[in-house]
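Visitor: Kindly produce the complete structure, drawing on both the sequences and the hints.
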Amino acid sequence: MTAVTPTPADPVETGTLRDRFEETVARDRRVEPRDWMPEEYRRTLIRQVAQHAHSEIIGMQPEGAWITRAPSLRRKSILLAKVQDEAGHGLYLYAAAETLGADRADLTAKLLAGQQKYSSIFNYPTPSYADVGTIGWLVDGAAICNQVPLCRSSYGPYARAMVRICKEESFHQRQGYELLLTLMAGTDAQRAMVQESVDRFWWPALMMFGPPDDRSPNSARSMAWGVKRHTNDELRQRFVDMTVPQAERLGVTLPDPELRWNAERGHHDFGAVDWAEFAEVVAGRGPCNAERLARRRAAHDEGAWVREAATAYAAGQAAAAAVSP
Amino acid sequence: MTAGWTAEGGHGAVPTDGVPVEPAPGPVRADWPLWEVFLRGRRGLNHVHVGSLHAADAELALHHARDLYTRRNEAVSIWVVPAAAITASSPDERDPFFAPSGDKAYRHPTFYRLPEDVPHL
Ligand SMILES: [Fe+2]
Ligand SMILES: [Fe+2]
Numbered sequence: 001m002t003a004v005t006p007t008p009a010d011p012v013e014t015g016t017l018r019d020r021f022e023e024t025v026a027r028d029r030r031v032e033p034r035d036w037m038p039e040e041y042r043r044t045l046i047r048q049v050a051q052h053a054h055s056e057i058i059g060m061q062p063e064g065a066w067i068t069r070a071p072s073l074r075r076k077s078i079l080l081a082k083v084q085d086e087a088g089h090g091l092y093l094y095a096a097a098e099t100l101g102a103d104r105a106d107l108t109a110k111l112l113a114g115q116q117k118y119s120s121i122f123n124y125p126t127p128s129y130a131d132v133g134t135i136g137w138l139v140d141g142a143a144i145c146n147q148v149p150l151c152r153s154s155y156g157p158y159a160r161a162m163v164r165i166c167k168e169e170s171f172h173q174r175q176g177y178e179l180l181l182t183l184m185a186g187t188d189a190q191r192a193m194v195q196e197s198v199d200r201f202w203w204p205a206l207m208m209f210g211p212p213d214d215r216s217p218n219s220a221r222s223m224a225w226g227v228k229r230h231t232n233d234e235l236r237q238r239f240v241d242m243t244v245p246q247a248e249r250l251g252v253t254l255p256d257p258e259l260r261w262n263a264e265r266g267h268h269d270f271g272a273v274d275w276a277e278f279a280e281v282v283a284g285r286g287p288c289n290a291e292r293l294a295r296r297r298a299a300h301d302e303g304a305w306v307r308e309a310a311t312a313y314a315a316g317q318a319a320a321a322a323v324s325p
Numbered sequence: 001m002t003a004g005w006t007a008e009g010g011h012g013a014v015p016t017d018g019v020p021v022e023p024a025p026g027p028v029r030a031d032w033p034l035w036e037v038f039l040r041g042r043r044g045l046n047h048v049h050v051g052s053l054h055a056a057d058a059e060l061a062l063h064h065a066r067d068l069y070t071r072r073n074e075a076v077s078i079w080v081v082p083a084a085a086i087t088a089s090s091p092d093e094r095d096p097f098f099a100p101s102g103d104k105a106y107r108h109p110t111f112y113r114l115p116e117d118v119p120h121l
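Chains as they are written, first to last, in this note's numbering: chain A, 1 to 325; chain R, 1 to 121.
Note that these hints are calculated values from the structure, not bench results.
Check before you lean on any hint, since a few could be wrong.
What the hints assert, rightly or not - Some but not every residue of chain A turned toward chain R, in silico, with C-beta under 10 Å:
| id | residue |
| --- | --- |
| 1 | 94 |
| 2 | 165 |
| 3 | 208 |
What the hints assert, rightly or not - Distance ranges between label pairs, derived from CB positions:
| id | chain 1 | residue 1 | chain 2 | residue 2 | range |
| --- | --- | --- | --- | --- | --- |
| 4 | R | 117 | A | 149 | 24 to 30 Å |
| 5 | A | 249 | R | 20 | 44 to 50 Å |
| 6 | R | 72 | A | 266 | 33 to 39 Å |
Since the model is a prediction, treat every value here as computed from it, not as a measurement.
We put the beta carbon where it would ideally sit given N, CA and C, even for glycine.
Guide: Below, the structure is given as structure tokens:
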């Protein structure tokens, strides 16, 4: 088949290939792994999918710390399942990145070396058990807003991984909200615990949608390529509008004095995000940046013997099979 | 300050400038081989490709596939196939390889115009 397939290196055919790629994206069809694609599209996707994968993997840590201290077997089982899902999300995404020519071991090395990053939301601490609920409600909730449109990403393997992930995220958000509802039905101290946790996570959750559109110059091209479907500000607004009635039902106050319904716009107005804090956290000076990466490095090192033992066992089995008749 | 950052990916707010993506040149890394995973959702259905994973051998690949792709009863049967063992046609759907079926409309039932009053056809 290779004889009849023009190679990307062929200067005469590259124009045609590019036209076909543009046509595929423009018609909202999917680009598949072995299709010709512009080098910048491929690199953008590897970066996006790899850093998304890293976020899922690092994202296990803030809540994972509460597994051994969950107040009941029911809560512990739920939290274990939720954290295990996040590991699964990371693995679906590493697999999608590998279809673009990336290598999982190499991506892990780049994360551990600090060359590739993960979402800044996971650099905030979780000192309170209520944080488990708040993360499910607000952080997974914001992730759902970001991720649902990615199910229509122009890159097939990424879109399919996102469909799987989105199905599982719904459980994450609901278990979080249910946990908070339970606490809100408890004592004054428990209600105060929820409010304190929401106070800490509200603004970082809004920051998850990234800088305002006028300061996000890379967004336009990603939108044209169908690897990003809505602007940062659109998604942030959608999240605020969805969350306000949930906060009311829960009985908590969102920590923003400027938050109010604007009947003219048909949306909630809300205050300005502190982008200076955001910049500090993404630059590596957040509360837990060093701790998260150190934990990930330790887990990787502690798992080395497992990877080596499985490889050695497989080699031994293969050798034994080769000599036996 | 925020120019090199955006909300790409699921949890947003990651850097987009100066992030290396190409595999580092150097000695071959010792990751496990890649396997493609196929699931039969329930009896009566075909196995369908769902993704891939790394595992040291076939048995571990099955275990990993169970843990990774069937945490919610998504399958009654799993196949794992070494990715390297798959032979694929060209990705181009306009490849002449597929030409033999392109001009044979008479293989489809709608090709045949029959009078309205013929029953059961
Ligand atoms: Fe996730
Ligand atoms: Fe989640």
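Visitor: Now look at each hint and say whether the structure bears it out.
Guide: For each hint, the structure was consulted:
1. Satisfaction of the interface hint for residue 94 of chain A is found here, the shortest Cβ-Cβ separation to chain R being roughly 9 Å, below the 10 Å cut-off.
2. Annotation: residue 165 of chain A was flagged as interfacial toward chain R, and the flag holds, the nearest CB pair being 7 Å apart, inside 10 Å.
3. For residue 208 of chain A, the shortest C-beta to C-beta distance to chain R is roughly 4 Å, which falls under 10 Å, so the interface hint holds.
4. Hint check: residue 117 of chain R to residue 149 of chain A, Cβ distance near 51 Å, so the stated range 24 to 30 Å is violated.
5. Roughly 45 Å separates the CB atoms of residue 249 of chain A and residue 20 of chain R, a value that falls within the hinted 44 to 50 Å.
6. A hinted range of 33 to 39 Å for the beta carbons of residue 72 of chain R and residue 266 of chain A is consistent with their spacing of about 37 Å.
Hint 4 from the earlier list is the only one contradicted by this structure; the remaining hints agree with it.
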